[in-house]
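Quick mapping for you: the protein sequence lines, in order, are chains A and B.
Under our numbering, think of the first position of the first sequence as 1398, with each following residue one higher.
Under our numbering, think of the first position of the second sequence as 1398, with each following residue one higher.
Hints are not guaranteed to be accurate.
Which copy? The list can't say, so a pair holds if one copy fits it or any two copies do.
Here are the computed lysine-lysine pairs in the BS3-like style, where the Cα-Cα straight-line distance is at most 27 angstroms [unchecked claim]:
hint, residue 1, residue 2
1, K1687, K1772
2, K1690, K1519
3, K1407, K1519
4, K1690, K1407
5, K1487, K1687
6, K1569, K1728
7, K1495, K1636
8, K1519, K1462
9, K1519, K1419
10, K1690, K1779
11, K1728, K1779
12, K1444, K1487
13, K1636, K1462
14, K1687, K1697
15, K1687, K1495
Don't read these hints as lab results, they were simulated from the structure.
2 protein chains.
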Amino acid sequence: MTTAAKAEYKALTNEEAEALVKNLGLISETELSVSEIGDGNLNLVFKVTGVNESVIVKQALPYAKVVGESWPLTLDRARIESDALIHAAKYVPHLVPKVLYTDSILAVTIMEDLSSHTIARKGLIESNAYALLARDIGIFAARTAFYTSDFYLHPFEKKRLVQSFSNPELCKITEDLVFTDPFFDHETNDFPEELRPDVEQLWSDAELCREAGLLKYQFLTQAEVLLHGDLHTGSIFVKEDSTKVIDPEFAFFGPLGFDIGQFIANIALNYLSQHHHSQEPFNRKETQDKLLKTIEETWKTFENEFSRLFREESTEPFAGTDGVLENLLEKTFTDAIGFAGCEIIRRTIGLAHVADLDSISCSDVQHYLKRKALKLGASLIKTRSSVTTIEQFTSRVRGA
Amino acid sequence: MTTAAKAEYKALTNEEAEALVKNLGLISETELSVSEIGDGNLNLVFKVTGVNESVIVKQALPYAKVVGESWPLTLDRARIESDALIHAAKYVPHLVPKVLYTDSILAVTIMEDLSSHTIARKGLIESNAYALLARDIGIFAARTAFYTSDFYLHPFEKKRLVQSFSNPELCKITEDLVFTDPFFDHETNDFPEELRPDVEQLWSDAELCREAGLLKYQFLTQAEVLLHGDLHTGSIFVKEDSTKVIDPEFAFFGPLGFDIGQFIANIALNYLSQHHHSQEPFNRKETQDKLLKTIEETWKTFENEFSRLFREESTEPFAGTDGVLENLLEKTFTDAIGFAGCEIIRRTIGLAHVADLDSISCSDVQHYLKRKALKLGASLIKTRSSVTTIEQFTSRVRGA
């Protein structure tokens, strides 16, 4: 009796990535070139290019590398990521890269090349404005949420999807790095000594820690909708006439307000950083005003689109009952403000920072702005219930 | 090449049930007798008896029969039930029947025979009191909840268990029959014409329907702890010195307040029915006082035991943060009151009634008490946030 060789994971070489694309006929040209363009921390990213066509071959690595440390990390995240992209493409095909091929054993996804776009974080740090960004992200969050909610899906299908997107290892990264470590004196935290008094004040703020604990519990227990799970400005490609959401490897069923909260937090961090990046006062004000408009338009688009879908396409009998939608949106908004506060804090003193603030070379300015960020984040978490409109949120950001 | 015959489900005959017990050596005697003692609606229940020993062979049927209708129902519930019993036995071995054998293909669980006990509902209808009941159910609910919560389990283990106890078909029965149909003019509802005006008032109560919708949404989305899922007095065996919780085929991860809410609702329904069952006014008062004490002691035991475990055995960093436990218990209590309200309403006008009320032969008295139940249930759902102590709950029941 013979046993066929079992297909096994191995990290691809440039040549193997190119051969895979060629053999699959994903590019019809015969002369191809290949380069590995990933940062090598979590994934290999090969760009395979002909004269007129190109595709991206993304392969998960079986470990994560952060600040020199390396720990094992499930390859299953490649399946989650491609499944989430394919699922999103049903409802917002124009807002995600097209998936051309997946192989769950090799942990490979081959997808549309988006090199014509820029990472939103980079563009925003350069003080560029993107007219479509707010509307596109609002639509993305509303549709991917509504169509995976109990208001739309049959309960059997919802529960099947919850199982299929169970994502313990990547959720734990968020549970630790967003919701836990920054609120304790934990070794993963990363901040300059000059900020220590501010950070210690944060750790000793009993009300803040209690509320952060409650937000973490919501993240752990409330399986409302399929989330992107990591919707910061580094997960969004933009150009003038197009927005593409990428990298949903953190996708799982969680609280409805989480994606929007993370997104507006990252816009708020960019807003703070513009005190430095926009050198001309007039330009700075214009750039900052546009950022606050982006936050407001994102929430309003999300709210309008989610409400429209809820009214037009709900299958849940209680969707016709007065107050159910309103109550859900209220809870979602409050949660989003709280999640935004956690994101602002963890991006300032936690393990994973944002270039918006860290790229400020003058350390006095950087520390000054990080102090503002910490105060803003803490106040949002503690008083989120009293922030009831998106304009109240942006005025908090403006006043920070 | 030959293929071994695949093991397949078939409903057991008396002889096969007896042979199974004998072949497994679960009873050492050689002369056995067998009788099928189930009601045949959902499961076959064989009692296999020797002179000194006996065991129960429970086999799930691939359908459910209610009021003459028959619909297919997953056999996987036998696995869920035996897994839940085995899991509970880790933390409250004295409060569940001992599982002796399971076969997931035959959907069979063989367990300890509890014939020496009485079903609590039956005993309570006969106005008996059970001194251990409140304390045992409080301990059962607290321990099975805490040890499956995010405060105790590693997040990977929690998420593994959530998947393993995904129970879409049985959850849908609860979603429909407890949380939806009774609040709409649905064909599954079952009430005498005399109650129609009261029921129509309930359907047109916008506030009630909104709040019931929100409770349903919590049931659908909040995966806090492993629940029994059907903890009414028909799922509890009692005798003077022993309590055993049976039939956890509805087990799944849901909101922490659900089991306790269902239990106290069923005690409250029995309280109402005692207006009839206890004929002597003095005895009636004594019986009813004991029932309210049972409700109070159940919640207090639950709260004390859950708090003790939280303080002594939590692995969650935020468990040490002031206010986290208090906030959780507050939410849980409010939820429990709301879930109790839903249970009281559905047991009065929904598909599955309780014998406590339905066995009252005088229809005027029965309708009178059912009207009280409807009003009590509706008021609990609508004003659950203002019921802040268990004594306020029992005084609502007393005043109904």
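Status of the hints after comparison with the structure:
no.	hint	in the structure
1	K1687 with K1772	within (23 angstroms within a copy, 54 angstroms between copies)
2	K1690 with K1519	within (19 angstroms within a copy, 65 angstroms between copies)
3	K1407 with K1519	neither (32 angstroms within a copy, 63 angstroms between copies)
4	K1690 with K1407	neither (46 angstroms within a copy, 65 angstroms between copies)
5	K1487 with K1687	neither (31 angstroms within a copy, 58 angstroms between copies)
6	K1569 with K1728	both (24 angstroms within a copy, 25 angstroms between copies)
7	K1495 with K1636	within (17 angstroms within a copy, 64 angstroms between copies)
8	K1519 with K1462	within (22 angstroms within a copy, 62 angstroms between copies)
9	K1519 with K1419	neither (32 angstroms within a copy, 73 angstroms between copies)
10	K1690 with K1779	within (24 angstroms within a copy, 39 angstroms between copies)
11	K1728 with K1779	both (15 angstroms within a copy, 18 angstroms between copies)
12	K1444 with K1487	within (25 angstroms within a copy, 53 angstroms between copies)
13	K1636 with K1462	neither (30 angstroms within a copy, 60 angstroms between copies)
14	K1687 with K1697	within (15 angstroms within a copy, 54 angstroms between copies)
15	K1687 with K1495	neither (30 angstroms within a copy, 66 angstroms between copies)
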